[in-house]
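Just so you know, we're using this note's numbering here: the sequence shown kicks off at 116 and counts up by one.
Hints in this document: simulated from the structure, not taken from any laboratory.
Check the hints yourself; a few may be wrong.
Stated by the list, open to error - Label pairs and their calculated CB-CB ranges:
{"id": "1", "residue 1": "Arg-244", "residue 2": "Leu-129", "range": "20 to 28 angstroms"}
{"id": "2", "residue 1": "Arg-148", "residue 2": "Ser-124", "range": "17 to 25 angstroms"}
{"id": "3", "residue 1": "Arg-123", "residue 2": "Arg-148", "range": "29 to 37 angstroms"}
{"id": "4", "residue 1": "Ser-266", "residue 2": "Ala-199", "range": "23 to 31 angstroms"}
{"id": "5", "residue 1": "Arg-121", "residue 2": "Gln-178", "range": "19 to 27 angstroms"}
{"id": "6", "residue 1": "Arg-121", "residue 2": "Arg-238", "range": "35 to 43 angstroms"}
{"id": "7", "residue 1": "Arg-244", "residue 2": "Val-141", "range": "29 to 37 angstroms"}
{"id": "8", "residue 1": "Gly-211", "residue 2": "Arg-128", "range": "33 to 41 angstroms"}
{"id": "9", "residue 1": "Leu-125", "residue 2": "Arg-196", "range": "14 to 22 angstroms"}
{"id": "10", "residue 1": "Arg-244", "residue 2": "Gly-166", "range": "30 to 38 angstroms"}
{"id": "11", "residue 1": "Leu-145", "residue 2": "Arg-121", "range": "31 to 39 angstroms"}
{"id": "12", "residue 1": "Arg-148", "residue 2": "Ala-226", "range": "33 to 41 angstroms"}
{"id": "13", "residue 1": "Val-248", "residue 2": "Glu-210", "range": "23 to 31 angstroms"}
Owing to the predicted nature of the structure, the values given are computational and were not obtained by experimental measurement.
All residues carry an ideal CB built from backbone N, CA and C; glycine is no exception.
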Amino acid sequence: MVGSERRRSLKRRLSRAVETRLVNRVVRTLLARGRLGGTYAVLETVGRRSGRARRTPVANGLQGDTFWLLCAHGDGAHYARNIAANPHVRIGVVEGHSLRWRTGVAVPLPADDARARQRELGRGRLGYRLDAVLLRALATDLMTIRVDLQS
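Throw the hints in and build the complete structure from the sequences for me.
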């Protein structure tokens with residue numbers, strides 16, 4: 116029990132380091148240039164301590180006026196903790212060569228089957244399915260967050 120918890124903690128720390136220092140920087144740069152729009156979007160939360168805008172690249176889970184997030188580290192993820200403190204968010208989705216921002220309210224759904232949601236969102240979207248492989252490899256506590264977007 117203790118060993119598995121220690122491995123989970125190590126996996127979370129390593130995956131956060133890879134995500135924040137490598138993956139997020141590259142994806143953020145490409146998104147700013149209007150690339151990867153079919154696969155990625157940007158989640159903007161308000162920092163729970165700083166009050167500053169925090170932008171995180173996420174898989175593009177847009178379906179109409181709903182945006183689905185799959186959180187790799189459950190309610191322990193920084194953006195999930197920011198959402199718990201302030202559920203008002205913005206989602207930036209690539210349109211043309213720039214981001215189109217929409218506001219919404221995020222609702223964590225810990226009882227939702229995140230893996231089934233991931234399969235549903237990945238149907239017919241190769242880039243999303245490839246991102247899902249990376250997410251599953253890094254995930255320690257997969258959780259769904261639904262964002263109800265304003266029209």
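Looking back at the numbered hints, which does the structure fail to meet, lowest number first? 2, 5, 7
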